[in-house]
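J.: Heads up: the protein sequence lines correspond to chains F and E, in order. With the first letter of the first sequence counted as 1, position 158 gets the number 158 in the numbering used here; the numbers rise by one all the way through. With the first letter of the second sequence counted as 1, position 165 gets the number 165 in the numbering used here; the numbers rise by one all the way through.
Bear in mind the hints are in silico, worked out from the structure with no lab data behind them. We put the beta carbon where it would ideally sit given N, CA and C, even for glycine. Just so you know, not all the hints are guaranteed correct.
As the list claims (entries may be wrong) - With beta-carbon atoms standing in for the labels, derived distance ranges:
no., chain 1, residue 1, chain 2, residue 2, range
1, E, Leu33, F, Asn95, 23 to 33 Å
2, E, Asp79, F, Asn27, 41 to 51 Å
3, F, Thr8, E, Glu250, 23 to 33 Å
4, F, Ser225, E, Ala176, 44 to 54 Å
5, F, Met1, E, Glu119, 23 to 33 Å
6, E, Thr213, F, Gly226, 20 to 30 Å
7, F, Trp244, E, His135, 18 to 28 Å
8, E, Lys278, F, Glu73, 21 to 31 Å
9, E, Val224, F, Glu139, 41 to 51 Å
10, F, Ser124, E, Ala80, 36 to 46 Å
11, E, Glu294, F, Leu243, 46 to 56 Å
Stated by the list, open to error - Each computed DSS-like pair below joins lysine-lysine, with the alpha-carbon atoms no more than 27 Å apart:
no., chain 1, residue 1, chain 2, residue 2
12, F, Lys45, E, Lys278
13, E, Lys278, F, Lys41
14, E, Lys88, F, Lys3
15, F, Lys239, E, Lys56
16, F, Lys228, E, Lys88
17, F, Lys45, E, Lys56
18, F, Lys45, E, Lys206
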Amino acid sequence: MMKQQIFTIIENKPLTGSMYRLRLGGNTSAITAPGQFVNIKLDGKFLRRPISVCDRSGSMLTLIYKTVGSGTEQLSRMKKGEQLDLLTGLGNGYNLTPSGDRPLLIGGGAGVPPLFGLADELLSKGCKVTAILGFNTAEEIFYADEFRMLGAETYITTVDGSAGIKGFVTDAMKDLDYTYFYTCGPEPMLKAVYRAAKTDGQFSFEKRMGCGFGACMGCSCRTISGSKRICKEGPVLEKGEILWED
Amino acid sequence: MGRLSVNLCGIELDNPIIPASGTFGYGYEFAELYDINVLGSFSCKGTTLQPRFGNKTPRIAEAPSGMLNSVGLQNPGVDAVISEELPKLAECFRKPMIANVSGFSIEEYAAVCEKLGKEPQVGWLEVNISCPNVHGGGMSFGTDPEMAAAVTKAVKAVTNKPVIMKLSPNVTDITAVARACEDAGADGLSLINTLMAMRIDLRTRKPLLANVTGGLSGPAVFPVALRMVWQVTHAVSIPVIGMGGISCAEDVLEMMMAGAAAVEIGAANLTDPFVCPKIIAELPAVMDRYGINELRDLK
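So that you can see chain E by itself, here it is in the shape it has in the complex (with noise of 0.2 Å):
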C-alpha cells in the first residue's frame, strides 16, 4: 500500500483521486489524453434505462469561480452502455471504476442497478439521487429521507456490489436524507450534487439556460461541499466520498480532513482535462508540506 492508498467500501483504491460523473464520459476518451490507469478510479456518465438526449440547448453558463449546467443526463441507455461502451473502456482501464446510475421510479433504478452491477468492470455503484436538471426523477428522490431510503432498499436488493448513494445540497438537513440512506442498507455516500442556481442574460433579460435552472459547480460550491461532508461524516458511519469544487491537492486534503474518504474531481476536469493526474502528482508534496505520511491517517 502506497502514502495515496485509501479503501472505499472494502475495496482498495492506488489513491483517492475520482473524476465525477458527468465530466469524464464513460473514461475512454480521457485514455487518449493520458494513462487513466493512474486514477483511483472514475465514475461513469449518469446511465438510465433508456437512451436520453437531454434538455434543450444552451447547457451552460459561466459563474464567478464555477458553471452552470443543465445537461439532463444525456446518455445512450444502459444496454448500449453495456454493449458498446464498457467494451471501449476494457482496453485502456483495468481498475474497478463506479457506475453512476440515475432513474424516474424507484424500479428503474433497480433495473439500471442489476444490469450494471452485474457487470465485472464495475466495482461500486453510485446511485444518483439529486440531479437538479430532471423532472419527476433525480433529485426529487434525494430531498425526501423516506423516498432515499426506499431507492436505496430496492437497489441493495439486486445487487452485491456496494451501492453509493449521491446526495443533494438542495435540503435542508442533508444529515437526514444520509441517516436514512445509511439505515436502508447504503454502503457509502457521495455528496454533493450541484447546487441549483441559474443565470439571465442582460441583453435578452432571458434565463441563460434552455431549461432555466442549472447545477452550479466549480470551486466556488467548495466550502459548501466541505460543510456537508463534515455534517455527515459526523452523522454517519459508512464512508463517504467528497466532491463539490476540488481542484488542486490541498482542497483534496482539506475535504479528507473533513472526513471524506476519497474525493471527486468534477468541474476542474472540464477546463484542465489533466488536473486529475496532475493532482496525483502533487499529492506526495503538498502532504509533505503538511506534515501528512499516509492519506488513511487522516481519517
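Just chain F, with the same shape it has in the complex (with noise of 0.2 Å):
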C-alpha cells in the first residue's frame, strides 16, 4: 500500500560524474519488493520524480539516480538535513519466487541499482546470484565493487572495451549458465536481452509517468494480457507478457 512519506536526507553524492546516490531517513515500511519505486516531490516542478528504490534497511532508503534534466540536476544539489516528500512503495517490484538457485541479474546504467536490493534478497534466500553491470566506458562504472561485496558473482561490460569484458550485457549472457533472470535499463538493452536470454525472466521498464500511483493512465503499455500501468501493475513484466511497441 502507499504511503505519503517525509523523509530525511543522510548522504547525497555523486558516484560517477551523473550518477548521485541520496540516501533518506524516514519510515518505509510501505516499500514490500525490490524493484518498486518512490515519486519525489521537488520544490518549483509539478509532477514527482519516480526514482526506484536501490536498497532499503531499516529506516535507511538508498536511491540511486541519475541527472537527466532540471528535476533530477536540482534535486543533486540538495544537501544533508533537508526534507523530501516521498509517495513509496509503488509499483510491483520483482517477484522472487520463480528464481530458480542460479539467477542471473542484468543491469545496464541508470538500471543498476534495483538489482542491487534484488541481489541482496536473493542471496539471503539462499540464490548462487550472477550481475552482468553494463556501461558505455570506465569512467560511468558504479557499484561494481557492492555488488562483489554482498556475494554476487559479477561481470562489467563496457562498450568501449575500457574496462571489463569489451561489449553489450547481451556478449556476457552468451557463455553464462542461469535458472531465471531479471534486468533493468535503457529499452534497447532490454530487448536485445529479451532476445538473447535461455530462461525465463522479468523486465523493469522505465516510462515518463503523471502520477506514479495509477490514476492518470500517462505510462500505460499494451502486453499479451491487454494494457497495463507501468507505475502500477508494473514496473516489472514477465518475459511472456511482453509486447514490444514498434
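Take each chain as given, in its own frame, and dock them per the hints.
T.: Next up, the structure:
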C-alpha cells in the first residue's frame, strides 16, 4: 500500500559524473519488494520524479539516480538534513519466487540500482547470484564492488572496452548458465536481453509518469494480457507478457 | 445541511469537492488511500462505446506550474465499465457519481449515455465535448455551438439523469457554446477542459509528447479557468462546475465566487493523492477567515 512520507537526507553524493546516491531516513514500511520505486516532490516542479529503490534497511532508504534534466539536477544539489516528500511503495517490484537457485541479474547504466536490493534479497534466500553490469565506459561504472561485497559473481561490460568485457551485456550472457533472469536498463538493452535470454525472466521498464500510482493512465503499455500501467501493474513485467512497441 | 453543502442540478452534495475525470480512475483505487465518501462526488474516467488503449507514450510532460497530458481517452469501454468497474466502486462509494462520457459521433455519445444513465450509481452524466487529445471526435464537438447543441439534444433524449456538458477552453467565445448547450436542454455545464499545448525536448529537438500536442492543466491554467467560469456563469442560468488548476481551499472559494456551483479537482490529485480530503478538511477554517458562513451563500 502506497504511503506519503517525509524523509530526511542523510547523504547525497556523486558516484560518477552523472549518477548520485541519495540516502534518506524515514518510514520505509510501505516498500515491500525490490524493484519498486518512490515518487519525489521537488520544490518548483509540478510532477513528482519517479526513482527506483536501490536498497532499504530499517529506516534507511538508498536511491541511485541519474541527472537527466532540471528536476534531477535540482535534486543533486540538495544537502544533508534537507527534507523530501515521497510517495513510497509504488509499483509491483520483482517477484523472487521463480528465481531458481542460480538467477542472473542484468543491469545497464541507470538500470543497475534496483538490481542491488534484489541481489541482496536473492542471496539471503540462498541463491547463487550472478550479475552483469553494463556501462558505456569505465568512467560510468558504479556499484561493481558493492555487488561483489554482497556476494554476487559480478561481470562488467563496457561498450568501448575501457573496463571488463568489451561489448554489451548480451556478450557476457552468452557463456553463462542460469536458472532465471532479472533485468533493468534502457529499452534497447531490454530488447537485446529478451532475444538473448535462454530462460524466463522479468524486465523492469521506465516511462514518463504523471502520478506514479495508477490514476492518470500516463504510462500505459500493451501486453499479452491487455494494457498495463507501468507505475501500478509494472514496472516489472514477465518475459511472457511483453509486447514490444513498433 | 452542513456549511459546505451545495446543490448540483437538484442533487445535494455534502461539499463541492469532486475529483475530475481522468485523475481518479473509477474511484475504487483511491478508496484504498482514504474513505472516498468524504467527497461531494467524483467524475469517472472518460468512457467511450468501445475499449480504447489511448495514444502512444510519452503521454505526460512537465510544464511551469502544471503538466501536459495526451492520454487519449484510455478506458475499457462502456460495457466493461458497467460490468466490472461500477460493481467495484459500489463496494466503497455510497453517493451518486458523475459518469463522464466521450464519443466520436453523436450516436456514440447517445449510446454510452443511454447505458450509463440506467445505472443507479450514476447521478449525473458529464458529456465531454472537449477532449483535445483525440482526432475526429472529442473537442470538435465542443468548438462549434451547433455541434455542441446537437450532442446535448441527442443525450437529453436518451436519459432522465441531469446532463452536464463539459466545455473546451480552446475556443474564441466559450459563452456561445455554453448558451447553445443551455438552449439545447443541458442541465449544467462543467469547465474548463485542458488547454491545447506542447513541449519540445531540447536534446532531441522533437515534441516531448508522442501525440505532439496535449492538454495543459494544473495551477498554470487557474486564472484562465476562473475567467471562463465567470463569463459562462454570467451568460447562462444553469449550474456550472468550475475546474482548472484548483489545488487548495482558497482556489475553491475563488472559483465559487466566480459563480461555480461546485468544483472539480484534476491535476492536483496526481501530485498529491490526498489533496481532496485535505481541501475538504481545510475549507471551514478558510471560510471563517473570509467571513463565509455557508458555501451556498457565495452564489
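J.: If a hint holds in the structure, say so; if it does not, say that too.
T.: Outcome of the hint check:
no.: 1; hint: Leu33(E) to Asn95(F): 23 to 33 Å; in the structure: holds (24 Å)
no.: 2; hint: Asp79(E) to Asn27(F): 41 to 51 Å; in the structure: holds (42 Å)
no.: 3; hint: Thr8(F) to Glu250(E): 23 to 33 Å; in the structure: holds (30 Å)
no.: 4; hint: Ser225(F) to Ala176(E): 44 to 54 Å; in the structure: holds (46 Å)
no.: 5; hint: Met1(F) to Glu119(E): 23 to 33 Å; in the structure: holds (29 Å)
no.: 6; hint: Thr213(E) to Gly226(F): 20 to 30 Å; in the structure: holds (27 Å)
no.: 7; hint: Trp244(F) to His135(E): 18 to 28 Å; in the structure: holds (25 Å)
no.: 8; hint: Lys278(E) to Glu73(F): 21 to 31 Å; in the structure: holds (30 Å)
no.: 9; hint: Val224(E) to Glu139(F): 41 to 51 Å; in the structure: holds (47 Å)
no.: 10; hint: Ser124(F) to Ala80(E): 36 to 46 Å; in the structure: holds (42 Å)
no.: 11; hint: Glu294(E) to Leu243(F): 46 to 56 Å; in the structure: holds (54 Å)
no.: 12; hint: Lys45(F) to Lys278(E); in the structure: holds (20 Å)
no.: 13; hint: Lys278(E) to Lys41(F); in the structure: holds (17 Å)
no.: 14; hint: Lys88(E) to Lys3(F); in the structure: holds (22 Å)
no.: 15; hint: Lys239(F) to Lys56(E); in the structure: holds (21 Å)
no.: 16; hint: Lys228(F) to Lys88(E); in the structure: holds (18 Å)
no.: 17; hint: Lys45(F) to Lys56(E); in the structure: holds (24 Å)
no.: 18; hint: Lys45(F) to Lys206(E); in the structure: holds (22 Å)
Hint check: no violations occur; every hint is consistent with the structure.
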